[in-house]
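*Asks:* Counted the way this note's numbering counts, the sequence shown spans residues 9 to 361.
No wet-lab data here; the hints were simulated from the structure.
Treat the hints with care, since some could be wrong.
Claimed, not checked - With a cut-off of at most 27 Å between alpha-carbon atoms, the simulated DSSO-like pairs for lysine-lysine come out as follows: (1) 61 / 33; (2) 61 / 140; (3) 199 / 294.
Unchecked claim - Now the in silico label distances, taken between C-beta atoms and shown as ranges: (4) 183 / 71: 38 to 44 Å; (5) 57 / 346: 44 to 50 Å; (6) 257 / 27: 32 to 38 Å.
Bear in mind the structure is a predicted one, so any value in this text is a computation, not a measurement.
We put the CB at the ideal spot given by N, CA and C, even for glycine.
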Amino acid sequence: MEIKDLTNEEVINFMEYLGSDLSPKSNDRQLIFNTCLCHNGDSYKLFYYTESKTFHCYSSCGHIGSLIDLLIHINKYEFKDAVSEIKDFFGISNQPMLRKGFRIRKKVKQIDNIRDIQIELLPTPKKPYIYKTFQQVPIEEWENENISFEVLKTYQIHYNPYENQIVIPHFCWHDKDRPIGIRVRNLDEDKAKSFGKYIPLWYDNKCYNHKLSLNLYGLGVNKESIKNSKKVIVFEGEKSVLQMATIYKNNPSVAICGSNFSREQKKMLIDLGIEELIIAFDRQFKIKGDEEYIAWRAKIYKLVQDIRDVMKISVIWDEDNLLEYKDSPSDLGKHIFEKLLKSRIDIDNFISK
Numbered sequence: 009m010e011i012k013d014l015t016n017e018e019v020i021n022f023m024e025y026l027g028s029d030l031s032p033k034s035n036d037r038q039l040i041f042n043t044c045l046c047h048n049g050d051s052y053k054l055f056y057y058t059e060s061k062t063f064h065c066y067s068s069c070g071h072i073g074s075l076i077d078l079l080i081h082i083n084k085y086e087f088k089d090a091v092s093e094i095k096d097f098f099g100i101s102n103q104p105m106l107r108k109g110f111r112i113r114k115k116v117k118q119i120d121n122i123r124d125i126q127i128e129l130l131p132t133p134k135k136p137y138i139y140k141t142f143q144q145v146p147i148e149e150w151e152n153e154n155i156s157f158e159v160l161k162t163y164q165i166h167y168n169p170y171e172n173q174i175v176i177p178h179f180c181w182h183d184k185d186r187p188i189g190i191r192v193r194n195l196d197e198d199k200a201k202s203f204g205k206y207i208p209l210w211y212d213n214k215c216y217n218h219k220l221s222l223n224l225y226g227l228g229v230n231k232e233s234i235k236n237s238k239k240v241i242v243f244e245g246e247k248s249v250l251q252m253a254t255i256y257k258n259n260p261s262v263a264i265c266g267s268n269f270s271r272e273q274k275k276m277l278i279d280l281g282i283e284e285l286i287i288a289f290d291r292q293f294k295i296k297g298d299e300e301y302i303a304w305r306a307k308i309y310k311l312v313q314d315i316r317d318v319m320k321i322s323v324i325w326d327e328d329n330l331l332e333y334k335d336s337p338s339d340l341g342k343h344i345f346e347k348l349l350k351s352r353i354d355i356d357n358f359i360s361k
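Please model the complete structure; the sequences and the hints are all you need to start from.
*Replies:* Structure below.
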């Protein structure tokens with residue numbers, strides 16, 4: 009896989025990581041983002057054309073170019089640094105070279121001690137409790153995926169029947185009662201294909217997005233279980249945290265809402281005094297030893313190198329083909345999860361396994 013092969017959903021995920029949300033007026037031909045990213049604007053005039061895979065700002069910047077060019081534009085990066093950030097985010101191998109005449113070198117930078125990080129507290133949006141205007145009812149699709157109605161109520165999950173979306177409020181890691189953003193799960197297949205399964209809520213022309221890297225889903229509810237067990241299980245998506253809550257009364261899990269495990273998220277967990285961190289990411293490979301398998305393993309290994317000396321780290325890794333492609337370790341219920349958990353691999357042995 010190369011940068012030029014990124015899907016629309018992957019571009020949307022990366023733009024959300026950068027801090028620019030998607031307009032609901034987007035379609036298969038053009039994805040429309042907020043111009044806060046390219047020139048600190050506040051309009052939805054940053055267009056990504058899916059056929060040419062290029063960006064154009066109709067407010068101020070004009071033609072920008074590729075995703076690499078966008079990063080160069082907003083962060084004043086060198087070409088190699090822009091490539092490196094995108095590849096790190098998606099776990100893409102550094103070979104082959106992408107452009108004639110450029111040698112892509114490993115980016116070396118001094119990493120500050122994570123313990124010293126000051127975590128920005130995200131603001132409360134206007135109308136923060138808007139999610140309560142939607143129905144709180146059993147959701148068949150998630151009941152079929154082992155999530156109980158009691159858990160939906162605990163995590164304040166609602167349902168929007170008009171858009172066929174599951175409404176998922178996110179609360180501040182530091183204050184479990186303060187909303188900082190709202191995401192939705194698109195149940196409509198066409199919407200999920202065009203805009204992604206999980207996107208920020210749009211309501212009354214307002215987007216309820218937040219910086220995913222500055223929070224951990226489920227931490228407010230599960231903080232005491234994590235502190236008492238001195239152990240945390242880190243998933244990619246919100247659904248996995250809800251599945252774990254259905255299985256276990258004491259649920260020591262959180263979700264990073266993607267696969268980019270930020271230093272701020274690590275700091276939140278370090279401050280809880282945990283002794284073991286268990287990575288429980290989705291099975292992002294089809295066959296043992298294939299290209300995806302190697303790249304995914306390398307990405308996970310790299311993600312935790314900066315905290316290896318702080319705590320024990322292990323990885324749930326499906327060597328026995330218990331899961332399907334892109335399944336979460338929690339998707340198939342308690343028996344399979346505990347089998348995977350029991351066979352987890354210590355990070356020191358992970359890359360050579």
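*Asks:* Hints broken by the structure, by number, lowest first?
*Replies:* When the structure is compared with the hints, only number 2 turns out to be violated.
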